[in-house]
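Asker: From just these sequences and the hints, can you work out the full model?
According to UniProt numbering, the residues represented by the sequence shown are 1 to 177, in order.
A few of these clues could be false.
Here are the simulated PhoX-like cross-link-like pairs (lysine-lysine), alpha carbons at most 20 Å apart as the crow flies [unchecked claim]:
no., residue 1, residue 2
1, Lys93, Lys141
2, Lys28, Lys93
3, Lys28, Lys54
4, Lys80, Lys97
FYI, nobody ran anything at the bench for these hints, they're computed from the structure.
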Amino acid sequence: MEKENFTISVYTENNIGLLNRISAIFLKRHINLDSMTASQSEIKDVFRFTIAVKVTEEQVKKIVGQIEKQIEVIRAFYHKEEDIIYQETALFKVASKLLFEERQIQNVIKNSNANIVTVTPEFFVLEKTGRRREVDALYHKLEPYGLMQFTRSGRIAVTKEKMHISTILEKFAIETV
1 MEKENFTISV YTENNIGLLN RISAIFLKRH INLDSMTASQ SEIKDVFRFT
51 IAVKVTEEQV KKIVGQIEKQ IEVIRAFYHK EEDIIYQETA LFKVASKLLF
101 EERQIQNVIK NSNANIVTVT PEFFVLEKTG RRREVDALYH KLEPYGLMQF
151 TRSGRIAVTK EKMHISTILE KFAIETV
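Answerer: Right, dumping it as structure tokens:
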């Protein structure tokens, strides 16, 4: 089986130690995470982990099964790239003098659809939201100018199809009241 990109959505209670146990599932299988984010879900007091990995479908099915065995996990799902809408956000910190001295950097910013978040006498900060390849492309264009700092978020994603998790989560919310 060929490896492909999958996004795993894990709906959980917000309990201490769960992140470590979920990470251990990947560690035990020697699977590297491309990204992991955690946030409030659409239901109060239910959190969502969004995990991006490159594995076989057989591996992702086993991982999701192991994750669902965790007591605090309400449900876990995996999605193929074509089944989701996803984005990442990155911040780039660059020396301000380049903004005025290097005309080419202005074109890079304009052509990448990045936003200038702030400008100070010492630096300016760009924000780029998009697919990983778009963020990577901007990184490679800015790198020759000397990045002062760079950071990116993990993947955030929603499914194209309706997720029936909402009904399960609503029942969960009622049961915990």
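Asker: Now, for every hint given, state plainly whether the structure supports it.
Answerer: Hint check results:
no., hint, in the structure
1, Lys93 x Lys141, "holds, 13 Å"
2, Lys28 x Lys93, "violated, 36 Å"
3, Lys28 x Lys54, "holds, 16 Å"
4, Lys80 x Lys97, "violated, 43 Å"
In this structure, the hints that do not hold are numbers 2 and 4, in rising order.
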